[in-house]
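Whole structure, please, built from the sequences with the hints as guidance.
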Amino acid sequence: MSAAPNRRPFDAGRAAYLALNALLLAFLLLPIAIVLVFALNPTPYISFPPVGVSLRWFEKFFGSAEFMNALWLSLWVATVVLVLSIVIGAACALALARGNLPGRAVLTAFFMSPLMVPAILTGLALFQAYLLSGIGRPVWGLIAAHTLVAVPYVIRTTLAVLHNFDRRIEEAAAVLGASPTRVFFEVTLPLIRPGVFAGGVFAFIVSFDQFPVSLFLVVPKGETLPVVLFNYMKFDLDGAIAAASMVSILLALSVVLVLERLIGLKAYVKL
Amino acid sequence: MTSAARPSPIAWLIAPAGLLFVLFFVLPFAVMTAMSFYSGNPVTNPNAFLTTRHYERFIFDTAGIFHEALWSTLRIGLITTVVSLLIGYPLAHWMARMQSRLGHALVLMAVIAPMLTGIVVRTFAWMTILQDKGVINTTLMQWGLIEKPLPLMYNEFGTIVALVHIYVPFMVLTLTGVIGRIDERLEQAARSLGAGRLRAFVEVTLPLSLPGILAGSLLVFALSISAYVTPSLMGGTDVLTLPMLIAQQVGTSFNPNFAGALGVILLLVSLAIVVAYNRILARLAGGQGMA
Numbered sequence: 001m002s003a004a005p006n007r008r009p010f011d012a013g014r015a016a017y018l019a020l021n022a023l024l025l026a027f028l029l030l031p032i033a034i035v036l037v038f039a040l041n042p043t044p045y046i047s048f049p050p051v052g053v054s055l056r057w058f059e060k061f062f063g064s065a066e067f068m069n070a071l072w073l074s075l076w077v078a079t080v081v082l083v084l085s086i087v088i089g090a091a092c093a094l095a096l097a098r099g100n101l102p103g104r105a106v107l108t109a110f111f112m113s114p115l116m117v118p119a120i121l122t123g124l125a126l127f128q129a130y131l132l133s134g135i136g137r138p139v140w141g142l143i144a145a146h147t148l149v150a151v152p153y154v155i156r157t158t159l160a161v162l163h164n165f166d167r168r169i170e171e172a173a174a175v176l177g178a179s180p181t182r183v184f185f186e187v188t189l190p191l192i193r194p195g196v197f198a199g200g201v202f203a204f205i206v207s208f209d210q211f212p213v214s215l216f217l218v219v220p221k222g223e224t225l226p227v228v229l230f231n232y233m234k235f236d237l238d239g240a241i242a243a244a245s246m247v248s249i250l251l252a253l254s255v256v257l258v259l260e261r262l263i264g265l266k267a268y269v270k271l
Numbered sequence: 001m002t003s004a005a006r007p008s009p010i011a012w013l014i015a016p017a018g019l020l021f022v023l024f025f026v027l028p029f030a031v032m033t034a035m036s037f038y039s040g041n042p043v044t045n046p047n048a049f050l051t052t053r054h055y056e057r058f059i060f061d062t063a064g065i066f067h068e069a070l071w072s073t074l075r076i077g078l079i080t081t082v083v084s085l086l087i088g089y090p091l092a093h094w095m096a097r098m099q100s101r102l103g104h105a106l107v108l109m110a111v112i113a114p115m116l117t118g119i120v121v122r123t124f125a126w127m128t129i130l131q132d133k134g135v136i137n138t139t140l141m142q143w144g145l146i147e148k149p150l151p152l153m154y155n156e157f158g159t160i161v162a163l164v165h166i167y168v169p170f171m172v173l174t175l176t177g178v179i180g181r182i183d184e185r186l187e188q189a190a191r192s193l194g195a196g197r198l199r200a201f202v203e204v205t206l207p208l209s210l211p212g213i214l215a216g217s218l219l220v221f222a223l224s225i226s227a228y229v230t231p232s233l234m235g236g237t238d239v240l241t242l243p244m245l246i247a248q249q250v251g252t253s254f255n256p257n258f259a260g261a262l263g264v265i266l267l268l269v270s271l272a273i274v275v276a277y278n279r280i281l282a283r284l285a286g287g288q289g290m291a
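Residue numbers (our numbering), protein chains in the order written: chain F, 1 to 271; chain X, 1 to 291.
These are calculated hints, taken from the structure and not from any lab test.
Glycine included, each C-beta is placed from N, C-alpha and C at the ideal position.
Hints are supplied without guarantee of correctness; some may be wrong.
Stated by the list, open to error - If you want the ones that stay clear, here's a sample from chain F, every Cβ over 12 Å from chain X, calculated:
id: 1; residue: Phe62
id: 2; residue: Trp76
id: 3; residue: Val175
id: 4; residue: Glu186
id: 5; residue: Thr188
To be verified - Result set (DMTMM-like, lysine to aspartate or glutamate): computed pairs, CA atoms no more than 25 Å apart in a straight line:
id: 6; chain 1: F; residue 1: Lys234; chain 2: X; residue 2: Glu68
id: 7; chain 1: X; residue 1: Lys133; chain 2: X; residue 2: Glu156
id: 8; chain 1: X; residue 1: Lys133; chain 2: F; residue 2: Asp166
id: 9; chain 1: X; residue 1: Lys148; chain 2: F; residue 2: Glu186
id: 10; chain 1: X; residue 1: Lys133; chain 2: F; residue 2: Asp236
id: 11; chain 1: F; residue 1: Lys234; chain 2: X; residue 2: Asp132
id: 12; chain 1: F; residue 1: Lys221; chain 2: F; residue 2: Asp236
id: 13; chain 1: X; residue 1: Lys148; chain 2: F; residue 2: Asp236
id: 14; chain 1: F; residue 1: Lys234; chain 2: X; residue 2: Asp183
id: 15; chain 1: F; residue 1: Lys234; chain 2: X; residue 2: Glu203
Structure follows, in structure tokens:
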């Protein structure tokens, strides 16, 4: 454990290894940085190198009724999905971890399966079901679809917290005379809160950025932001898309920071 | 430890999720499968009859596009997976072996940040980079290295580059977990016995991380064969994949029954992958238990 025996004056292999990884990190992050450049570049079409800095694309984005309607719809849907998936997901995780259910592993895999089934098929199947039952394409149908694919994230983060915490805390509370209800509300619930919240923030992002599940479930004039952006990009590639992208990236980045504060990022690494 | 105790009252908390999943997951997929065996909408059209013609249409492929679409879907998935593995492994190894906690957190954030950026946004980023007037072509032309823009987009190449960028974080996260569990002292032992660093890696760490390689590859493959946004924006008219075909059948041709059949075919392919993925994860967990 004392002086590092590996420390040598210059290590070519190590340098190449680090350079390669720096390059790979650049590959991951540069495209996102480039979007920022185009969001601020005033030329009417995407052109490189940038010629200046302007906010005209942000003005166009925030001034367009089409984009704004879509942004509000997306934010609204994502907020409802956040609340629904927190409640449903946390309850489900508690049942899985504490309910003594038979076939728990199979059930857990079942509740994770929306993450493994191609999302576009989930959208297609729901589209078919809505079509056959004649309910059309209401907003609540979209919300239910988003909740379905967001709930697994809440279940996963909550389960991660439940597995990590010491059950003896609950047992101690029970031994000291607390009723099961009291143990639940005063011990279990506060302890799993970080996991539930973190999963909820994830659920928000999943809904806000959702495309494949939404594709068949939105109506014209009632499209979410990713769908509007996608349709716009098929014909036009100007800075408005970059500005819209920046808005969602900033949202995502602030979410990452919130996540890190709440629970640390470790919980997500367990894929 | 796991007693044969009866379910506690807490088990009822599973009900809301169960209801959601039955109504909006199990039932819709049953409907989709049923629709794929009907000639039309059996609710509104009394003349709709049971048929296997949608599957026959795919199998006999008289139009000559369906087999090609399936093949491109699998080919794009396979290349994306291999490239993601080659790119993801060094990053995952670096992360798993990093001593500094701050460094680890920073790299982890760099890997997760793109995951939290929408698919549409990331595809847009690659369009600005790879198109004829994009970052790469403009730069190369200004430096006088090329005269005409290179065809980087509206083909399979561009599609794969963007897909790799989108799915490589999944590979990195899967691999990091597995590599992190390999005892670093094994590699050190090999080196103290005279193996070079490369040989110690190839003969010790690499074989031990094989389950992670398989799990990560299956995950990326399953994700990339079901991608829709990226191939349809980056592929132009050159690329037609199964998900694109499905969207066409719903949107332009309005043939939900045939779309259902295509959906069932894609689902079967992905389910086969998922089963294999779970097998490997289970074996991983078992191996960990024995260690």
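Check your understanding: Failing hints, ascending?
Key -> 5, 8, 9, 14 and 15
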